[in-house]
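Chemist: Residues 1 to 310, numbered by full-length UniProt numbering, are exactly what the sequence shown covers, in order.
None of these hints come from the bench; they were simulated from the model. Be a bit skeptical, because a hint or two may be false.
[Said to hold, decoys possible] Simulated restraints on C-beta separations:
no., residue 1, residue 2, range
1, V91, V217, 18 to 28 Å
2, G25, K219, 20 to 30 Å
3, V180, T24, 22 to 32 Å
4, T308, L65, 22 to 32 Å
5, H184, L304, 20 to 30 Å
6, K219, V91, 20 to 30 Å
7, R226, V34, 28 to 38 Å
8, I13, L304, 15 to 25 Å
9, T308, R281, 35 to 45 Å
Just so it is clear, the structure is predicted and the values come from calculations on it, not from any experiment. Cβ coordinates follow ideal geometry from the N, Cα and C atoms, glycine included.
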Amino acid sequence: MSGVISGFTVIFIVVALGYVLGRTGSLGEHAAAVLARTVFFVCTPALLIHSLATSDLSAIFSSTLVVASASAVAVGAVYALIAWFWLRRAVPEIVIGALSSSYVNSVNLGLPIAIFVLDDASFIAPLLLFQIVFYSPVALATLDLTALSAERRTSTLRTVTTPLKNPILVGGVIGLIVSVAGWHPPQAVMEPLDMLGQASVPLALLTFGLTLTGVTVFKKGQSPRRDVALAAAMKVVAMPLVAYALARWGFGMTGHRLFAQVVIAALPTAQNVLVYATRYRRGEVLARDSALITTLLSIPVIALIAATLA
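Assemble the whole structure, with the sequences as input and the hints as a guide.
Modeler: This is the structure:
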């Protein structure tokens, strides 16, 4: 338990530093965007290449992948049914809401928590790959077919293949290929990857702290409060419970593996959802408010999980 507390303390200190830097404007008004792109295009791909190339593939294609993906799909589907039959929302808003309830922040918070709290980055890799390879393409294809006018609608092939150009996915694929081939790249290649990969976590935490400044959420008359409340409840309560049930009784997991699965499921909504909502101009406030509220709620939820399962 002391290791968990220590890990969270490290994370909170760096996030708090990012928040202070954002409030004071020390890094300029575009700092969050620049750091986020650095993490997305450079550091995280390097981290994935190095981690996967030096890890056991059985840790990736395992029950961890099944539990993480199945819990996300199940929770997203339940949200969609409730939003369709009870809230009477249009399909694009349902897609954004379903993603808000089940698409995990696997980079900005997932990787730091996996490294500092779970002490193993490989726990987050299966979910990260699932979201980029499967979840994003399906969601984007649905939004492309329902949210855009005929003039702006792109081909289904382009919609599906665009996420495959994601640098994080490319890094993951390269790492997997190297691992499958059993090749050991020279130290001169691995050292820079390791160095850049180690910068991913602190930069992601600073970026997250920067994004917390100057944001007003759940504003009356602007925020779809019922949708946000439903998405938040599904994300930080239902998804960890589903993951626990699948891991504990479906695969017989106990101890640290069970703890890791539930913690990963309790991670907040990814900022990717807001990017998708902005791209299609549907459900933007829902995505933004869900991301921030689930982030705030996930802190006590993960602490409770740690107190009971760690």
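Chemist: Could you run down the list of hints and mark each one as holding or not?
Modeler: Do the hints match the structure? See the list:
At roughly 24 Å, the beta-carbon separation of V91 and V217 lies within the given 18 to 28 Å, and the hint holds. At about 24 Å, the CB distance of G25 to K219 agrees with the hint of 20 to 30 Å. Distance hint check: the CB atoms of V180 and T24 are about 47 Å apart, inconsistent with the given range 22 to 32 Å. Against the hinted window of 22 to 32 Å, the Cβ-Cβ separation of T308 and L65 comes to about 24 Å, which satisfies the hint.
Separation of H184 from L304 is about 42 Å and departs from the stated range, judged on CB atoms against 20 to 30 Å. The hinted window of 20 to 30 Å between K219 and V91 holds, with their beta carbons roughly 25 Å apart. Separation of R226 from V34 is about 36 Å and conforms to the stated range, judged on CB atoms against 28 to 38 Å. Checking the proposed 15 to 25 Å range against I13 and L304 shows it holds: the Cβ atoms sit about 21 Å from each other.
With their beta carbons about 42 Å apart, T308 and R281 fall inside the hinted range of 35 to 45 Å.
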